[in-house]
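These protein sequence lines are chains A and B, in that order.
Residue numbers for the first sequence follow the working numbering, so the first one is 159 and each next one is one higher.
Residue numbers for the second sequence follow the working numbering, so the first one is 10 and each next one is one higher.
Quick caveat, the hints were computed from the structure, so don't treat them as lab data.
Among the clues, some could well be false.
[Unchecked claim] The list that follows gives simulated cross-link-like pairs (lysine to any residue, SDA-like), each with its CA atoms no further than 20 Å apart:
1. B/K218 with A/T469
2. B/K241 with A/V257
3. B/K218 with A/H525
4. B/K218 with A/V542
[Claimed, not checked] Label pairs and their in silico Cβ distance ranges:
5. A/D305 with B/N144: 47 to 55 Å
6. A/T562 with B/K241: 24 to 32 Å
7. A/L268 with B/N144: 28 to 36 Å
8. B/I157 with A/D282: 34 to 42 Å
9. A/K296 with B/N144: 43 to 51 Å
10. B/I157 with A/A338: 34 to 42 Å
11. B/P322 with A/K284: 37 to 45 Å
12. B/L328 with A/G279: 51 to 59 Å
13. A/D282 with B/A37: 28 to 36 Å
14. A/A338 with B/F340: 56 to 64 Å
15. A/N440 with B/I157: 36 to 44 Å
[To be verified] Where chain A lies over chain B, by a calculated footprint (3+ residues, C-beta under 8 Å):
16. 52-61
17. 208-221
Computed from a predicted model, the values in this text were never measured in an experiment.
The C-beta atom is built at its ideal place from N, Cα and C for all residues, glycine as well.
What follows is each chain in one-letter form.
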Amino acid sequence: MGPDFLGGAEVITIKDLTKRYPNGFEALKGVNLSVKKGEIHSIVGENGAGKTTLMNIIFGLIKPTTGSISVDDKEVNISSTGKAIEMGIGMVHQHFMIVPNLSVMENVVLGSEKDFTNFFGKIDYKSIKLKVGDLIKKLKLSLSPEDIVRDLPIGKQQLVEILKVLYKGPEIIILDEPTAVLVPTEVNDFLDFVINLKNEGKTVIFISHRLKEVFKISDSITVLRNGKTVGSYSKQDITRDEVANLMIGKKFDFNATPPKNEKEEILFSVDDLSLKGMMIKNISFNIKKGEILGVAGVEGNGQEDLFSVLTGDILPEQGSVKLADKELNKSTILEKRKAGIAYITDDRIKNGLAIDRSILENGIAYHHKDQRFGKVLINNKNSVKLVTGIVEDYDVRGVKNMKTPVSSLSGGNMQKLLVGRELNNQVKLLIASQPTSGVDIAAKALIHDSFKELTVEGNSVLLISSDLDELMSISNRIIVLYRGKIVAEFKYPDYDIKELSYYMTGLKES
Amino acid sequence: MFSNTLKKITIWVFFILIILAVWAVIIAISGENPFSAFGYILEGSLGDTGYFLSTLNKMVPIMLTALAVAIPSWAGIWNIGGEGQLLLGGFGAALIGFSINLGSSFLNILFALIVSALFGLVWALWPGYLKIKLNVDEVVTTLMGNYIASYFVLFLINYPFRDHSSPMAQTKYIDSSFQIPYMFRGSQFSYTFFIALGVVFIFYFIIRKFKFGYEIRMTGSNPDFSKMSGIKTKKIKLVSMLMGGAVAGLAGGLLVLGMNHRMMQSFSPGFGFTGLLVCLLAFNNPILIVFISFIFAMLQTGSVNLELFSNVPAEISGLLQAVMVLFVSAFKIISMRKGGK
């Protein structure tokens with residue numbers, strides 16, 4: 159019945175919404191939005207454009223400063239998430255809010271377990287299983303109510319998260335960057351699932367960076383930029399490139415190609431690397447000077463362990479790692495960094511930054527080992543100079559003061575600070591793992607450009623990524639990891655996304 | 010920016026008023042007019058020079074044992090062993106003070122203080138080492154270490170080092186050349202206060218300005234990231250633990266050289282634990298540690314006067330401290346919730 163309502167009743171209407179924080183920061187400066195019943199409405203915009211703030215307001219997590227929100231043509235005051243749920247609004251957050259040690263069904267009913275508790279406080283698991291099982295069947299998901307969430311792949315954990323929201327029976331479902339954590343093979347299944355929700359008559363508000371996905375499933379698209387609505391469009395009336403340009407407000411080159419700075423000389427070589435009990439088996443590869451080597455693979459096929467070995471966090475049992483003929487296999491991370499390796503970790507919050515420390519303190523990490531920053535006392539002048547340079551060169555926005563904590567920056571700007579810090583060293587080799595995860599188009603382009611620029615002087619990049627578009631657009635060569643082994647190698651321009659995914663998923667083995 | 014500071018100050022003033030109100034109720038329940046009780050406490054802690062000086066004196070061990078918790082916690086490691094480190098430090102200083110003489114009073118005092126710090130350091134060494142090598146929970150080892158140290162010192166002053174001319178379990182007096190001189194007639198106030206204050210400021214400076222302090226801060230904030238940045242986080246944690254132990258040991262040394270002049274039974278009424286509280290209340294901030302130590306010292310010295318002139322027992326000051334701890338913890342949690350948007 160969904161399509162009949164298209165172009166019909168507005169379920170959510172937002173007029174001139176603004177949000178100003180006590181510190182003067184304006185997250186929203188005038189947003190208008192109208193979502194129709196039964197449609198998939200995508201909200202797109204760069205990091206910090208205000209998408210998540212807007213959604214948090216609709217879900218009652220944040221109060222707006224001015225403006226009005228109407229649900230089903232009635233002006234409402236959504237003062238809490240409880241109110242939002244009462245109005246039939248459900249939200250799936252960007253970061254998982256599930257308990258890994260519990261089963262699927264336990265997670266789903268968590269918070270409403272009282273409905274299944276008898277007089278003595280005993281929980282009736284049979285009826286929980288029945289009810290959750292029914293919901294899973296209805297949504298055609300491949301989940302079992304008794305699976306322990308921890309053991310599920312990320313894609314399925316995502317579904318549990320959604321199941322939990324759908325259990326409360328919302329009519330309007332907000333999905334905040336739901337595909338950010340999924341691998342390519344999981345994304346398609348997920349998008350089918352979203353379309354299925356629409357066919358069930360639900361209204362979906364979909365937030366994503368990935369325009370490809372947005373264009374695959376949306377009925378309407380609203381573009382936000384700098385806290386303002388740039389426009390709302392029917393999918394038929396606009397192209398992908400147009401949306402992308404509206405998002406960043408300038409023309410943008412989408413046909414990126416890898417740099418051509420490869421030299422014959424080998425800079426970095428890994429030979430017969432193995433780790434018992436880990437995901438790595440007899441890995442060998444070379445990187446030439448000026449080359450960008452991509453490492454493709456479905457998450458959990460050895461990329462994390464490879465990264466750990468190359469940082470020196472885990473010592474390999476056998477094999478060698480050489481940078482310009484210098485054996486670094488058993489060196490500490492400090493020695494590796496001194497030899498000229500820089501690192502971008504896959505999780506900026508976990509080990510890429512100390513987000514409750516200041517921008518200045520984060521900007522000088524590792525640099526502080528250099529005498530320029532003082533022998534005993536920290537040289538404040540040089541530190542400020544260095545970090546100011548990074549902030550300017552890498553366009554880190556939202557920096558009010560060097561002393562404000564990094565947590566005040568948006569994700570993309572945090573990542574730019576991190577990348578800037580790492581590339582500001584005498585880098586011979588950059589090892590980057592998921593360097594653009596959760597980052598908007600403009601920041602992504604800036605980061606890719608900085609990688610390419612690195613190769614101009616004959617320096618190299620090892621790029622581990624689960625984003626095939628990213629790998630194909632900047633790598634000179636791509637190797638594929640499957641179950642800890644290198645199973646295939648592709649050279650630019652002979653990239654075939656189908657072939658690549660066959661090797662990534664083990665359908666083809668060398 | 011300005012309005013923000015003003016807001017913070019308003020909140021704090023309001024907050025202190027609430028604590029005072031609850032105190033007033035407690036005192037009223039124990040049968041005393043709260044205003045006159047506050048008067049007795051103020052008089053007994055700040056009323057005249059003598060009272061004021063003994064309040065400052067009381068600050069010495071509290072301030073240093075609080076710092077002994079703060080330094081390791083900057084690096085993300087807990088030192089609950091301040092009490093044991095203080096006792097061993099005190100014994101170390103006494104041991105030197107009655108057994109050797111370097112000829113000059115200055116050298117004697119310096120040497121005894123170094124030894125007291127070393128004794129404290131050694132008592133922080135094994136929990137720190139077990140933590141970084143085997144990941145043994147330092148909260149357990151340092152806490153339990155207090156009991157080992159306490160009974161060990163008790164053994165030492167009861168048997169091998171007991172002053173046999175005394176009816177009590179205590180060592181001989183230290184040589185007068187080891188005594189840190191009193192500054193005023195009729196008061197035990199000595200240079201120890203300035204030494205302790207100096208130590209707090211030195212560490213304030215180290216944590217803010219030194220490269221080493223930077224590495225401590227980063228390790229405490231995110232050890233995984235610090236490791237990625239080439240910081241030897243295990244070493245940083247161990248060294249900060251040792252510094253904490255040394256500072257607590259120094260507190261014991263200062264008490265022996267500046268006040269008691271010997272090691273004795275019930276040398277410490279739990280300074281190490283008071284210090285732990287002070288550090289928690291001060292959010293690990295050295296400057297706040299000085300102020301909060303002052304408040305605790307005021308309560309402790311003032312409550313003697315309170316007991317003297319009213320029917321409120323001195324133990325009530327412990328209750329008042331507990332109320333303060335309760336409120337500050339609640340306040341901390343509330344402000345943390347507000348902080349995370």
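Now for the hints, and whether the structure bears them out:
no., hint, result
1, B/K218 with A/T469, "violated, 29 Å"
2, B/K241 with A/V257, "violated, 33 Å"
3, B/K218 with A/H525, "holds, 16 Å"
4, B/K218 with A/V542, "holds, 14 Å"
5, A/D305 with B/N144: 47 to 55 Å, "violated, 31 Å"
6, A/T562 with B/K241: 24 to 32 Å, "holds, 28 Å"
7, A/L268 with B/N144: 28 to 36 Å, "holds, 32 Å"
8, B/I157 with A/D282: 34 to 42 Å, "violated, 52 Å"
9, A/K296 with B/N144: 43 to 51 Å, "holds, 47 Å"
10, B/I157 with A/A338: 34 to 42 Å, "violated, 52 Å"
11, B/P322 with A/K284: 37 to 45 Å, "violated, 60 Å"
12, B/L328 with A/G279: 51 to 59 Å, "violated, 37 Å"
13, A/D282 with B/A37: 28 to 36 Å, "violated, 52 Å"
14, A/A338 with B/F340: 56 to 64 Å, "violated, 37 Å"
15, A/N440 with B/I157: 36 to 44 Å, "violated, 51 Å"
16, 52-61, "violated (count 0)"
17, 208-221, "holds (count 4)"
The structure fails hints 1, 2, 5, 8, 10, 11, 12, 13, 14, 15, 16 (numbered hints given earlier, in ascending order).
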